[in-house]
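Given the sequences, and given the hints that come with them, work out the whole structure.
Protein chains in written order, with our numbering: chain B, 18 to 131; chain W, 2 to 114.
It should be emphasised that the hints constitute simulated quantities derived from the structure, not laboratory data. Certain hints may be false.
[Unchecked claim] Just a sample of chain B residues kept apart from chain W, beta carbon distances all over 10 Å, derived:
id: 1; residue: Val-30
id: 2; residue: Gln-31
id: 3; residue: Asn-44
id: 4; residue: Thr-80
id: 5; residue: Thr-86
id: 6; residue: Leu-119
id: 7; residue: Val-129
[Claimed, not checked] Okay, the calculated bits of chain B under chain W, using three or more residues with CB under 8 Å as the criterion:
id: 8; stretch: 58 to 64
id: 9; stretch: 88 to 100
Keep in mind it's a predicted model, so treat the numbers as computed, not measured. Just so it is clear, CB atoms sit at the ideal spot from N, CA and C, and this is done for glycine as well.
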Amino acid sequence: GESVGLHLPTLSVQEGDNSIINCAYSNSASDYFIWYKQESGKGPQFIIDIRSNMDKRQGQRVTVLLNKTVKHLSLQIAATQPGDSAVYFCAENILQAAGNKLTFGGGTRVLVKP
Amino acid sequence: DAGVTQSPTHLIKTRGQQVTLRCSPKSGHDTVSWYQQALGQGPQFIFQYYEEEERQRGNFPDRFSGHQFPNYSSELNVNALLLGDSALYLCASSPLGVSYEQYFGPGTRLTVT
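Here it is, written out as structure tokens:
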């Protein structure tokens, strides 16, 4: 069935180091993947997305890698800052004309240590 | 430019009651999706509205219903509330013709006692 999951529930990282958040997905038909950041008391905030025909996409301080062979998605955050402390979710979607629902995983909490 | 707005921020209801949550999409967005997020979990898709019609629905009972108005704003209604309905209810809006790009509001925290 459709499911998105994360390997690590909590990730502690030193300020200035790089963070890597991993996500496994099970639906090989998914063709669009998104990373969201959710701070306490707020809704999920879009970070970066990637289509299934890509292996890598870079944004500002973030890189998403997609490995379709093993159905694995990762988010790399460069030079992690205190403001990066949040819960990170990956979500998947099957692009279609009539409606697009996002399927989310359980989330990984990132704690940045000063 | 205001983002997605939701009201109320918090709500406390009793089992068996009914509740209505409201969402105003980001300017220029015509599609609204609703999600339920239990504490410590990822959001779960409830349904999506486009052109005032429900176009896709997740695995939620008929107690959950919605509506979209001509100005694209939307309501989520939940009847016969259960304790398990306590959650953060998130609204997400999408740009014209790009319903997979979803931008979330701050959510409404519903507590059922």
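Violated constraints from the hint list, given by number and in increasing order: 6, 9
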